[in-house]
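A.B. asks: Sequence:
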Amino acid sequence: MSDDSSAEIRDTRKDWITEHRDMYLNSGGAQGHIMDVTAVGGRSFATHCMIKYVGRKSGKVFITPLCYGDIGGEVVICASKGGADHHPAWYLNIREQEFVDFQVATQAFRATWREPEGAEREKVWNFMVDCHPFYGDYAKATDRVIPLVMMKAIESIPVFKASDATGQRQY
1 MSDDSSAEIR DTRKDWITEH RDMYLNSGGA QGHIMDVTAV GGRSFATHCM IKYVGRKSGK
61 VFITPLCYGD IGGEVVICAS KGGADHHPAW YLNIREQEFV DFQVATQAFR ATWREPEGAE
121 REKVWNFMVD CHPFYGDYAK ATDRVIPLVM MKAIESIPVF KASDATGQRQ Y
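For the sequence shown, the UniProt record's numbering gives the first residue as 1, with consecutive numbering after it.
Source of the hints: derived by calculation from the structure; they are not laboratory data.
Lysine-lysine pairs mimicking DSSO-like chemistry, simulated, CA-CA at most 27 Å apart:
hint, residue 1, residue 2
1, 161, 60
2, 52, 161
3, 123, 152
4, 152, 60
5, 152, 57
6, 152, 52
7, 57, 161
Label-pair distances were calculated between CB atoms; the ranges are:
hint, residue 1, residue 2, range
8, 119, 60, 36 to 42 Å
9, 97, 144, 20 to 26 Å
10, 118, 162, 37 to 43 Å
11, 136, 70, 16 to 22 Å
12, 72, 18, 30 to 36 Å
Each residue gets a CB set at the ideal place from its N, CA and C atoms; glycine is no exception.
Could you build all of it, start to finish, from the sequences and the hints given here?
C.D. replies: This is the structure:
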C-alpha cells in the first residue's frame with residue numbers, strides 16, 4: 001500500500017483513534033481495553049493496550065493505543081501502520097529505547113522488549129493474524145516485513161494519564 005493510501009486510511013480513523021485513546025486514559029483503563037473493531041476487519045472482542053514512549057527527535061512523551069496479543073506471557077504488538085510502506089513513528093521511537101511502558105486495562109508496566117526472529121516470528125505472526133485478521137491484509141499491502149514487538153513486564157508502574165503525554169499522537 002502506498003504511503004498516500006495509508007495516510008488516507010489514518011485520516012479517516014484519526015477521530016476514532018483519538019477518542020479511543022482519550023476514553024482509555026480518562027477511565028484509568030476501565031474502558032477501551034476491549035473494543036469492537038469489526039468495522040475495520042477485526043473482531044467484536046478485540047484487545048487493546050497503550051504504549052508510552054519518548055520521541056527520539058523531540059524528547060516528548062507519546063501514548064499510543066494498539067491492538068495486542070499475549071503469547072507466552074509477553075504482550076505482542078505489530079508495527080503495521082495499516083500496511084503503509086514505512087514503519088510507524090512509535091516503532092522507530094521504541095527501537096531507540098531499552099524499555100517501553102505499556103498499559104493493559106487498569107494495569108501498567110515497564111517492560112523490556114524484543115523482536116522475535118525466524119520460526120518464533122512466524123509462530124507469533126500467525127497468532128496475531130488469527131487474533132486480528134486485518135494484519136494479514138496489511139502485510140499483503142506492503143513489501144516491508146511488518147515488525148512484531150514482544151514486551152515483557154519487569155515492574156508495575158502507575159496507570160497512564162493524559163497529562164503524561166507531552167507530544168501529539170503518532171502512528
